[in-house]
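Going down the list, the protein sequences come from chains A and B.
Reminder that position 159 of the first sequence reads as 159 in my numbering, one-by-one numbering, no gaps.
Reminder that position 387 of the second sequence reads as 387 in my numbering, one-by-one numbering, no gaps.
Hint data in this document are derived by calculation from the structure and do not stem from the laboratory.
Ideal Cβ placement from N, Cα and C applies to all residues, glycine included.
Treat each hint with caution, since some may be false.
So, partial list: chain B residues that the calculated Cβ filter (under 7 Å) puts toward chain A [as the list claims (entries may be wrong)]: (1) THR225; (2) LYS233; (3) ALA245; (4) MET252.
In the DMTMM-like style, the derived pairs of lysine to aspartate or glutamate whose C-alpha atoms are separated by at most 20 Å in a straight line are [as the list claims (entries may be wrong)]: (5) LYS17(A) <-> ASP46(A); (6) LYS18(A) <-> ASP240(B); (7) LYS81(A) <-> GLU222(B); (8) LYS303(B) <-> GLU176(A); (9) LYS213(A) <-> ASP240(B); (10) LYS213(A) <-> GLU154(A); (11) LYS87(A) <-> GLU217(B); (12) LYS233(B) <-> ASP8(A).
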Amino acid sequence: MKILIIEDEKPLRESIKKYLGYQGYICETADDFALAREKVATFTYDCVVVDIGLPGGSGFEIIKELKYLESRAGIIIISAKNSLDDKLKGLGLGSDDYLTKPFHLPELMARIQAVLRRRNFQGSKFIRFNEISLFPEGRQVTVNDTVVELTDKEYNLLEYLISNKGRVLTKPAIAEHIWGDEYLQAGGYDFIYSQIKNLRKKLLDAGSGDYVKTVYGSGYRFTDR
Amino acid sequence: MKLLTKTTLYFLSAMLTLLGITGFYLFKQFSKGLDERSDKELLAGELEWVRYLESQAGQGTAFILRSKEISIFPTDAPPEDYPVISNAGDYTYESGVRIPYRQLSQVVSIEGLSYQLTIKKSQEQKTALIKSFTRIMMIVFAGLFLATILFNWVISRKLWRPFRQSLQKIRTADLQKMQTIHFEKTNTREFNELNASLNFMTGKIYDDFLSMKEFTEDAAHEMQTPIAVVQSKLEILLQDNNLTAEQVEAVMQAADALTRLSRLNQGLLFLARIQNNQYTADSLVDFEEITRKYLALFSELIKEKQIEIKTDITGKFKIQLHYLLADSMVSNLLGNAIRYNYPGGQLNVTITDTQFCISNTSQLDAIPKDKLFKRFSSTKNRDISSSGLGLAIVKKIAETNDLEISYRMENGIHLFTVSKNK
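Just chain A, with the same shape it has in the complex:
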């Protein structure tokens, strides 16, 4: 899996590269418009993460370029502008997703995987983690081929955990992925504990290993190690 990160802010670019690297993705980077254009024209990527405000040009032009080249790469826009117009414009040009800064790195990871899966690059329509299988199309989960009944939110939670397997996920990052931005209007993140507990219990009952680990003080980690 080769991913191009087009972002002019160096520390952010490096963070993204590092995090995606943890999950086994090979990342190339471009820090300005000219280099980004050169790279998309020269190499093939599975996914392009592109910032809109770039020195030397707009990220929208890169998307147009990719479409002109008939690239099959998934496109995710990351922008500081939380603007409906920009979102619509990006999607209209053929991007797959739009993420407003600041975002959680696990969130970007989950979105990239979703885009890649939709484009079927991985050659499989399901996600596997040892004895657990997820079928995104029917939003179904099996453990050792027996179906586990999960609520919508539990399914999203599990998919998010597996997308970021091995990584520490904080409660805010989890809450924002599953309940969106607005959950904070109603209260804190404490309810996530019971959500995780329910999911964990359902998986254990279905005979899976105990993969959901609590990381003291920070959050949760999905791992078999």
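Following the hints, complete the assembly by docking chain B onto the known chain A.
Then chain B, alone, in the frame of chain A:
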């Protein structure tokens, strides 16, 4: 005091002085004429008396006459060449009315004998003159007074109309719509100058407002990138397995504060956008639908807090509103009703054709009226995840979309009502 009343008062007091002076001058003139006539009569009288005395002088007796108007008696004083005519002191009739008189006195020598001759002449007409002058002046003044008031009334209605129109425009001026305000040309130079200055001023204010607005938006956007950098660094740092518990806590606290900063920033930006009318009311939204959506979204929280939800829907509250604003309104009100509720509390949603009400139990006191929809005003009771902008946003949405939002608290129940503005 009205400018017109003021000028009228000044005008009238000036008129009063002027009339007084005129009256006084006229009186002086008339009185001089009267004096001259009296003097002639006095002199003629004296002449007759002298003649009479001379004709009687041969009899060798001293002549004495004392009456109210004339006194003649012998004296030792040397004779005078000229008579002295003066306004002498009053003498009083039985009625007590003071009457001025003119007096001629001379020591004349008749056949070697000196006589003191004094002739007095009443000037009763003078009193009458003062009276009639005063009356005339009063009538003139009254006429002037009435005329002035009438003129002013007409003037204030006609001449001052452009001024009043401009004033009304300023009074109803709205920063958002400042560019639509135009102060028209009038046929009065002063008002033209005023209106031209006002046009210039409103233009300037609007330009400043625009650049301020842009600045707010730009600043908010620019802030998101550094926040994104810090957040990503903290998340990378958390992946380090060698962190001590203390270090993890520090990172988490930093991340929480950062989330708050970011939300605050987004909230302010959202407020600015609503204020700038960037969300047009282009869809008919159904508040029941939105409420159900957010009740589902918050369902875990509601369950966790064991809040009892009651819905009483007797109509459709449908209004023309941008869907993002409708979402924000409902999620803020509903969110607050959950956040500030106590475990095992109640939350009621009542929807009729004209109203959308959310009420909830809470241990918090009623929100003071002056702080109700103010930004950051609930600092005391706010918990860490609240931006302090929720109600300010709800209020702003209502204000810009012809909705009314009201709040009251009764028996420990906080009630928010959204209704259409009539």
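| task | Output the numbers, in ascending order, of every earlier hint that fails for this structure. | result | Of the numbered hints given earlier, the structure breaks none, since each of them holds.
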